[in-house]
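Build out the structure end to end from the sequences listed, making use of the hints.
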Amino acid sequence: MLSGCAPVAPPASGMAWYDQWLKTHVTAAGVVNYKNMKADEAVLQSLLLELASKEPSATVAKNVQLAYWINLYNAATLQLVLQHYPLKSIREINDGKPWDLEFITVSGRRYSLNYIENEILRKRFSEPRIHFAINCAAKSCPKLLNGAFKPEQLEVQLNTLTTSFINDASKNKITAGKVEVSEIFNWYAKDFMLRGSVIDFLNGWSATRIAPTATIQYLTYDWSLNDTP
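Going by this note's numbering, the sequence shown opens with residue 1481, and the numbers climb by one from there.
There may be inaccurate statements among the hints.
Unchecked claim - When the alpha-carbon atoms are kept at most 27 Å apart in a straight line, the in silico DSSO-like pairs for lysine-lysine are as follows: (1) 1619 to 1630; (2) 1630 to 1653; (3) 1603 to 1534; (4) 1518 to 1542.
These aren't lab readings, by the way, just hints derived from the structure by calculation.
If you want it as structure tokens, here you go:
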């Protein structure tokens, strides 16, 4: 259940404020109340302004960098949806290519969601679990975490989200001899094959042991907005 729609009172820091804001407007299942969120959008704008001037150095710990870029990606996605809300799918934005819009400012430079995902998160970190942490505002996406990603908790957060998504029968249908999985495992197969096959990756998280000879099919992706019904 959502905890309410009243504006969030700011705690000491912008990230703590954002963390509380997400808990207010996003369910544990990752469903977003965009209507109430839009009425409380100032929190998001404040966070994005803060993040714009706080890009972590490439020399700081990996978990600090990852948490920053994942939080920025998800916050920017929410901002983009709210700017165009109401809508039924994020693909209604920019002729079906919302991820190409350069609307995210960091250290005076403009970025697109595609750039953050492909040139920063994927290229710099070689961390396949990011695919279960970044959210594209669609029903078939891994759920949006209803809280901020925190460097000191990041390993647990990534493991929890990866396990949850792979074992979610509404997203993946897994048996020993056949798997019907999200298109994510097709689009980003290279990322999941860093230490073996896609099946090897799935077996690292799946409650059902998959045979090496199992067939793989990909489920149709539902781009409907992850909005409250």
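**Asked** Hey, residue 1518 versus residue 1542, does the alpha-carbon distance stay inside 27 Å?
**Response** Between residue 1518 and residue 1542 the Cα gap is close to 32 Å, so the pair fails against 27 Å, i.e. violated.
**Satisfaction of hint between residue 1534 and residue 1603, Cα-Cα up to 27 Å** = The hint holds at about 21 Å.
**Message:** So if I understand the rule, the pair passes when the alpha-carbon distance is 27 Å or less; does residue 1630 with residue 1653 pass?
**Reply:** 31 Å, violated
**Prompt:** Regarding the pair residue 1619 and residue 1630, is the alpha-carbon distance no greater than 27 Å?
**Reply:** Since the Cα atoms of residue 1619 and residue 1630 sit roughly 24 Å apart, the hinted pair holds (cutoff 27 Å).
Checked against the numbered hints above, the structure violates hints 2, 4; every other hint is satisfied.
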